[in-house]
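Enquirer: Residues per chain are reported as follows:
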Amino acid sequence: AQSVTQLGSHVSVSEGALVLLRCNYSSSVPPYLFWYVQYPNQGLQLLLKYTTGATLVKGINGFEAEFKKSETSFHLTKPSAHMSDAAEYFCAVSDRYAGGTSYGKLTFGQGTILTVHP
Amino acid sequence: EPEVTQTPSHQVTQMGQEVILRCVPISNHLYFYWYRQILGQKVEFLVSFYNNEISEKSEIFDDQFSVERPDGSNFTLKIRSTKLEDSAMYFCASTVGQGAETQYFGPGTRLLVL
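Those sequence lines, one after another, are chains A and B.
My numbering puts the first residue of the first sequence at 22, with every later residue one more than the last.
My numbering puts the first residue of the second sequence at 282, with every later residue one more than the last.
Rather than coming from a laboratory, the hints here were simulated on the basis of the structure.
We treat Cβ as the ideally placed atom computed from N, Cα and C, and that holds for glycine.
Hints may be right or wrong, so weigh each one.
What the hints assert, rightly or not - Capping the alpha-carbon separation at 30 Å, the derived lysine-lysine pairs in DSBU-like fashion look like this:
1. K364(B) / K338(B)
2. K359(B) / K323(B)
3. K89(A) / K70(A)
4. K79(A) / K323(B)
5. K90(A) / K70(A)
6. K338(B) / K323(B)
7. K70(A) / K323(B)
8. K338(B) / K359(B)
9. K70(A) / K338(B)
10. K89(A) / K323(B)
11. K338(B) / K90(A)
12. K323(B) / K364(B)
13. K89(A) / K79(A)
14. K79(A) / K90(A)
15. K323(B) / K90(A)
Unchecked claim - If you want a taste of the chain A side facing chain B, the calculated C-beta under 10 Å gives, among others:
16. V25
17. S115
18. F129
The whole structure should be built from the sequences, with the hints applied where relevant.
Expert: See the structure below:
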């Protein structure tokens, strides 16, 4: 079964500092990889995803993530944090199509709460 | 921009009572999902639904749970006899296709079982 590990349940940065949120997956076949963000009292919103092709993926709000197969990682970064980035971030994976109709479910990491200090 | 909506936003119920959580997926989407998040824990998959039938369910989704799409727009999750441990945030999601397609999530229903 798939599992996703996000290192650090809480990350705190200063405004303008680099944001780095870590995500590792366990799968012999690289899955589809997603980062979602959740603002208070809102649903999960897709930041970016990796499906195929270029391993550096750019998303909304200046975030990007790099798929590294050798490290089974998909870390999320942003060069300069903004106060509005404060939220909870979830890494998630889904299995690549293996036939049949029962795939597409997302397996989530435990989430990382990002705090941005002025 | 189209969005997934969920009602109610909060629900408090007594143990043993039935609850129905409602979701309106994005109109042209074909695949529907329920997830839940117990406070302090991971978001967990419950069930996926396609072509008016369950395509996959987790171990959590036992006989107390059921889903249906009664009218072609709503997608509901019913818990027949709630337990204390069913207290969680329940998220509905929908997508136009499988696998690499983005799942769009609703804002969630916070269920509290007393």
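Enquirer: Each of the hints needs a verdict: does it hold here or not?
Expert: Here is what the structure says about each hint:
1. K364(B) / K338(B): 19 Å, holds
2. K359(B) / K323(B): 21 Å, holds
3. K89(A) / K70(A): 13 Å, holds
4. K79(A) / K323(B): 25 Å, holds
5. K90(A) / K70(A): 15 Å, holds
6. K338(B) / K323(B): 17 Å, holds
7. K70(A) / K323(B): 19 Å, holds
8. K338(B) / K359(B): Holds, because 14 Å separates the two Cα atoms, which is no more than 30 Å.
9. K70(A) / K338(B): Distance of about 24 Å is within 30 Å: holds.
10. K89(A) / K323(B): With a Cα-Cα distance of about 23 Å, the restraint between K89(A) and K323(B) holds, given a limit of 30 Å.
11. K338(B) / K90(A): 29 Å, holds
12. K323(B) / K364(B): Given pair K323(B), K364(B) holds - Cα atoms ~19 Å apart, limit 30 Å.
13. K89(A) / K79(A): Holds - the C-alpha atoms of K79(A) and K89(A) are around 15 Å apart, at most 30 Å.
14. K79(A) / K90(A): 18 Å, holds
15. K323(B) / K90(A): Distance of about 24 Å is within 30 Å: holds.
16. V25: 8 Å, holds
17. S115: This interface hint holds because 6 Å falls under the 10 Å limit.
18. F129: 4 Å, holds
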